[in-house]
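Protein chains in written order, with numbering that gives the first Met the number 0: chain A, 0 to 86; chain B, 0 to 208.
Be aware that one or more of the hints could be misleading.
To be verified - A few chain B positions that, by computed beta-carbon distances, are all more than 12 angstroms from chain A:
hint, residue
1, T4
2, S8
3, L19
4, W22
5, A40
6, L41
7, I93
8, L106
9, R119
10, A141
11, T173
12, I175
13, L187
14, W189
15, D193
16, Y200
As the list claims (entries may be wrong) - Here are the in silico distance ranges between beta carbons for each label pair:
hint, chain 1, residue 1, chain 2, residue 2, range
17, A, W30, B, S174, 51 to 59 angstroms
18, B, E84, A, S85, 28 to 36 angstroms
19, A, T1, B, Q127, 36 to 44 angstroms
Think of the hints as simulated: they come from the structure by calculation, not from any bench. Where a beta carbon is used, it is the ideal one built from N, C-alpha and C, also for glycine.
Listed below are the residues making up each chain.
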Amino acid sequence: MTEVRSYIRTWAALMALLCLTAASAFVPLGWGNLAVNLVIAVAKTALIGLVFMRLVRGQALPRLAVAVAALWIGIFFTLVLADYLSR
Amino acid sequence: MSAVTTPFSSQRRESAADRLGIWIFLGSESLLFAGLMLAYALTRRHYLQGFAMGSRETSFILGTINTGVLLTSSLLVALAELRSEAERRPASRILLLATAGLGVLFLAIKSVEYVDEIERGLLPLFDQPFRYAGPDRQGVAAFFRFYFMLTGLHAVHLVAGIALVLWTAFSARTSIVRNRRRVAATALYWHFVDIVWVFLYPLLYLVSR
């Protein structure tokens, strides 16, 4: 039952983050809006991944798979942006 | 009959292999969406005004409700996985059906949005006339090309997710162990589709309000 409770708490946190990101859209922050939105999206992803997808209490191999995917996406973004943003 | 399939020496190892397999699949799927989002980022940088104006044409209310629907469906599928582990199959099945129900609700809401946007002439694809009349028409068209491509690809994934969840819920004759593994794999995929939407929501609906 403790797991059920922690899942429900995670869901409540996700909904709170959704309200926060939705409300932040109406506060003019310039590029800050994009930054706030992305930070909140990453936070939501972390909650879903760590709790619902069990990256925290599961085995190490899935964590390795996630790290590898993140590494490839990182290389992909870094190389493309390094080209475009330096033109 | 043993529930373990060759070449695995124990159930634990078999389900660990299951999970790793799904995670590697999700890792490659994430590269597909990351590639499109990178293309989105570069195009948005080129058409700053067009993306802001385009985003204002999307439905903030429906997009926000739909995000809530998907986040809730993730909770339900996670609970279904817990129930299947506790060998409570009927409860697990009800939770899976509710998950699929929320998936269908999401698609229904998305269709309402699509119909509205297509009627307003905002679909710059399939030789449809693009009737947006405000500033930076070209940029807005670029925004909507990404909007339909990204949400469309996400919807295809969600349809696959719904089919998978229903198949898992209705495969009654599988053993308890096999059922548990299926629910676990299905839940991982469902959460991934939810995470994709978590990024699409701010990138498409919240550019400028």
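These are the hints, each one checked on the structure:
no.: 1; hint: T4; verdict: 19 angstroms, holds
no.: 2; hint: S8; verdict: 16 angstroms, holds
no.: 3; hint: L19; verdict: 5 angstroms, violated
no.: 4; hint: W22; verdict: 4 angstroms, violated
no.: 5; hint: A40; verdict: 8 angstroms, violated
no.: 6; hint: L41; verdict: 6 angstroms, violated
no.: 7; hint: I93; verdict: 15 angstroms, holds
no.: 8; hint: L106; verdict: 19 angstroms, holds
no.: 9; hint: R119; verdict: 21 angstroms, holds
no.: 10; hint: A141; verdict: 16 angstroms, holds
no.: 11; hint: T173; verdict: 22 angstroms, holds
no.: 12; hint: I175; verdict: 19 angstroms, holds
no.: 13; hint: L187; verdict: 6 angstroms, violated
no.: 14; hint: W189; verdict: 9 angstroms, violated
no.: 15; hint: D193; verdict: 6 angstroms, violated
no.: 16; hint: Y200; verdict: 8 angstroms, violated
no.: 17; hint: A/W30 / B/S174: 51 to 59 angstroms; verdict: 54 angstroms, holds
no.: 18; hint: B/E84 / A/S85: 28 to 36 angstroms; verdict: 51 angstroms, violated
no.: 19; hint: A/T1 / B/Q127: 36 to 44 angstroms; verdict: 53 angstroms, violated
The structure is inconsistent with the numbered hints 3, 4, 5, 6, 13, 14, 15, 16, 18, 19, although it conforms to all the rest.
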